[in-house]
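Given two chains presented individually in distinct reference frames, assemble the corresponding complex, making use of the accompanying hints.
So you can see what is in the structure, the chains are spelled out below.
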Amino acid sequence: MALTTAPPAVHEYEELGRLMSLMTGDEKHSAAATSTLDVIWALYDQVLRIDPTRLDDPARDRFLLSKGHGPMAYYAVLAAKGFIDLDTLTSFATYESPLGHHPDSNLVPGVEIASGSLGHGLPIAVGLAIGLRARGNPARVYVLLGDGELDEGSNHEAIAVAGRRHLDNLTAIVLDNQSASRGWPGGIQGRFSVEGWAARRVNGRNHEALTQALTTPHDGRPLAVVASTEAGQ
Amino acid sequence: MTSQTMRRRFAATTNDLLDTDPRVALTLADIGVGSFNGRNHPDRIINVGIREQLLIGATAGLALAGLRPIAHTYAPFLIERPFEQIKLDLSHQDLGAVLVSIGGSFDAAAEGRTHQAPGDVALMATLPDWTIHVPGHPDEVEAMLRRAATSDDRVYMRLAADTNTSPHPATGELAKIRTGTARGATAVAVGPMLDRVLAATEHLDINVLYAATVRPFDAATLREIAQAPEVILVEPYLEGTSAAEVSHALEDRPHRLLSIGVPNTEHRRYGTRRHHAAAHGLDVGGLRTRIEEFLR
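Going down the list, the protein sequences come from chains A and B.
Using numbering that gives the first Met the number 0, the letters of the first sequence map in sequence onto residues 0 to 232.
Using numbering that gives the first Met the number 0, the letters of the second sequence map in sequence onto residues 0 to 295.
Chain B with its partners taken away, still in its complex shape (with noise of 0.2 Å):
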C-alpha cells in the first residue's frame, strides 16, 4: 500500500484487515465513516454516530464477544472525552483494543482549541499496560496496525499529519539515526519530530534515536547510547510526557534533561499546525536555537 498521508494508509489497512479477518471489528464515531467499506462489513463496521461514550463501551463489548475491536476518531474525542471508559470498560477489564486517533495536538489547529489534544499521550501513559505508538510514517503505521490486529493486547495509535521523509522499522525499540562521539549529547525524537530534530542539529555532535513507541519505552537503548550527561527529549505532545521515563532509565547516572513539546498552556490561537509549531519553537528553528542554548 503506497497511501503516503497517515490516515489514509490506516484507512486502507483496516479495510484489508476488515476483508481479511473475520475478528476484526472497526467502530466509529461518525468521523471518517466515508473512508471505510461499510456496505461489505455491515456487522463488523460500527457507526455509533455522535456518542463517544458509547463508543468505547461498545468497543469494549466488542472485544468480550471475541472480536478485534479498532476504534477511531479525533483525539480529544477518542481519549479525553471518553477516558472513564478506557480507564474502567478498557483497562480495568483487561479487554483489549485497538485506538486510533487523528487531530493530535494541533494538526487541526484551525478548528480551535475543542479540536486540540496535545495531552492525550500523557493521559494514556497514566494507565498500566497500554501500547503506545506515535508513528512517523505511513509505512510505520501499516506495520504497527498489522501487528497490533493480530494481538489481544491494548494499543494506542496517534496519526499525525506531519510525516517523516523514510520509515523505520516498528519494532518497539529506540532507533538509532545518527551516531555521534561518545562525548556528544542524545536526543530522543518521537514519532514526526524526527526529519526536524535531524535538520537541527546536523551541525552538532550529536547521538539521535527514534521513538515511534513510548509505552513500553526502550530504556535499555537509551542507556547504551546516552553516554554524555546531555540529553535532550523532543516530543510532538505534551512537554515532559516521557521525561519520567527517561529519568529512571538513566536514574543511576548523572544526567541533565531538556524536554521539549507543547507547553502546558492555553494557546487561543487558530490558523496552521506550522504556526502552532512555531509558536511553541517545534520548529526547526525553534528547536535548534533551545538545543544550542541547552548545550552551551
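Next up, chain A with everything else stripped away, as it sits in the complex (with noise of 0.2 Å):
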C-alpha cells in the first residue's frame, strides 16, 4: 500500500539509472551513490508525505540526506518525482548549478539540509523531531546515514537523546555497505536499540521489505532501520 501524497512520478525506477548518468565527474562516489539509491527511492515512492507543488507546507514529511556524500541518486530520484527539472541533472557541479557534489538546502527545492559533513544530520533530526512535536506538527523526520558515518561521535549523542525522549516521529535508516573501518560488534541495530529504539534489519534494495519495515508501527520510540547493500555498494 502506497502511503506517500507525492504526485505520481514523472520517471519511473528503471529510468533512475539514466538519469544518474547524466551527472558526471564524481565517479569517486559513484558506490556511495549506487548504494543509497533504493531507499531513496523507496521513501519517496510509497513512504514520505510530501508534495513538489507544495515545498514549504509545514505538515510536509522531512527527509534528511545525512550520508551527503554521492548525491546522484538522491538528485536523479528528486528529478523523478519532480523536484527539479530533468535538464538541471547535466549541469551537476558546474559553477551555475545548483546540484553540487554534497546537496544544499539553500540550493536545492525539496532538499531540507545541507550535507557533506558527516554525523550532521541525526542531530539535526533530534532537533527538528523535538521542534515538531512541541509545536503540535504531526509530520514525521526521516533521516539516512552510511555505516561509515556512524563512526562520527555525534551521531550517538543523538541516539541516546532520541530514545530518552521517545521521539516516534523520528526515523533513522543506516544504509549499512560495510564501509565503517573498524565495524560494528554487537551490530548496528544493537546501538540504536540500547538506547531505546525500535530497530530492524532488512534488505536494502528491496523496495517492499523497505516499505513495510520504514511503515510499521513503532508507537513510542524512535525507529531505526538498517538497510543491508552489498558491501562496498
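Because the hints were derived from the structure by calculation, they are not lab data.
There may be inaccurate statements among the hints.
Unchecked claim - Subject to a maximum C-alpha distance of 25 Å in a straight line, what follows is the list of computed SDA-like cross-link-like pairs (lysine to any residue):
#	chain 1	residue 1	chain 2	residue 2
1	B	Lys-175	B	Asp-194
2	B	Lys-86	A	Ser-96
3	B	Lys-86	A	His-155
4	B	Lys-86	A	Thr-33
5	B	Lys-86	A	Asn-105
6	B	Lys-86	A	Tyr-94
7	B	Lys-86	A	Ser-192
8	B	Lys-86	A	Ser-104
9	B	Lys-175	B	Leu-257
10	B	Lys-86	A	Leu-106
11	B	Lys-86	A	Pro-108
12	B	Lys-175	B	Ala-218
13	B	Lys-86	A	Thr-93
Predicted model, so just to flag it, every value in this text is computed and none were measured.
Put into C-alpha cells, the structure is as follows:
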C-alpha cells in the first residue's frame, strides 16, 4: 500500500540509472550514490507525505540526507518525482549549477538540509523531531546515514537523546554497506536498541521490505532501519 | 527584573520568554539546568546532557521546526567545541538561533584553560551575518535577549561576570560616553571594560565610546568621533578581535591603533578573574599605563 501523498513519478524507477548517468565528475562516490538509490526511491515512492508543488507545507514529512556524499541518486529521485527539472541534472557540479557533490538546502528545491560533513544530519533530525512535536505538528522526520558515517560521535549523542525522549516521529535509516573501518561489534541495530529505539534490519535493495520496515508502527520509540546492501555498494 | 548578575538576568528573562512566547525554546548541555522552569515547559526546554555537538545540531533542528531556539552553556563548550555545527548547521543553512555563553575569557579562572575562552568572539567573527553582543550590564542583557527573541537572526551573546555600574541603551551603535576635544584620542571600550577604561582615562583628553555590540561594528559613529589619529580599542577577550573593523572604518585617514585585550598566549595560572586581568594589564592600572605610553 502506497502511503505517500506525492504525485505520480515523472520518471519511473527503471529510468533512475539513466538519470544518474547524466551527472558526471563525481565517480569516486558512484558506489555511495548507488548504495542509497533504493532506500531513497522507496521513501519518495511509498512513504513520505510530500508534494513538490507545496515545498513549504509545514505538515510535510522531512527527509534529511545526512550521508551527503554521492548525491546523484538523491538528485535523480528528486528529478523523477518532479522536485527539480531534468535539465538541471546535466549541469551537475558546474559553477552555475545548484547541484553539487554535496546537497545544499539553500540551492535545491525539496532538499531539507545541507550535508556533506558527516555526522550532522541525525542531531539536526533530533532537534527537528522535538520541535515539530512541541508545535503539535504531525510531520515525520526521516534521516539517512551510512554505516561509516555512524563512526562520527555526534550521531551517538543524538541516538541517546532520541531514545530518552521517545521520539516516535523520528526514523533513522542506516545504509549498511560495511564501510565502517572498525565495524560495529554487536551489530548496528544493537547500538540503537540499547538506547530505546525500535530497530530492524532489511534488504536495502528490496522496495517492499523497505516500505514495510519503514511503515510498521513503532509506538513511543524512534525507529532505526538498517538497510543492508552489498559491501562497498 | 532586577537580577544583578548577567547570568541571573539571562535566566529570569529566558524563563519569562518561555512563559509568554510559545515560539521560544531553550537547549542546554547540563550547565544551568536548575535556573530554568523545566517542569513548566518540558517540550521546549531540552537538556541534551553533556553533548555539545548535539546541543547545536538540535538547536538547528528546532529552528527548522519554526521555533526560536536559545542555546546556552560555557563559552568553550558552546563555541569552540561544536564550532563546525555552528558554521554548517546554523550559518550555512541560514538558520536563526541565539547562543548565550558564560565564562568567557577567564571568568572561570580557577577552572583552568579548559574553561577559559578568550578567543570565542574572534572565532564567531569568522562567520558572516552574526550579531555579536558583549553586554556590560544585566539591563543590557535583558534588552538584547528580548529583541533577539523576536527575530530570526543569528545572535551570539557573551555574558560576563564583571559588570559596569550603569547600563546603556542596547541600540547596536557605539554609545558616546565621554566627549573630549577634537584633538583628543578616541577609546572604544567593549562591554564590561567600560568602567575600567573610564577610570583609567579620567585625567586625559579622550573621547570614550562604548561598544556592547561588536558585529556589526558601528563604523559610522567611530568615524564621526575619531578626529584625532590616536584610537584605542579595549576588549575583554582576544587582543585585536575588532582591530580590522576599526582599521576598515578609518582606512581613508591616517590613524594609529592601540589594541588592548587578552594576549594570544598560554597563561597557565588559576586564581581569580582579577588575577588574570592584572596579569594581562586589563585592570585600571594596567590600562592607564599602556594608554599613557601610547599617547606620550
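Provide an ascending list of the numbers of those earlier hints which the structure does not satisfy.
Hints 4 and 7 contradicted; others consistent.
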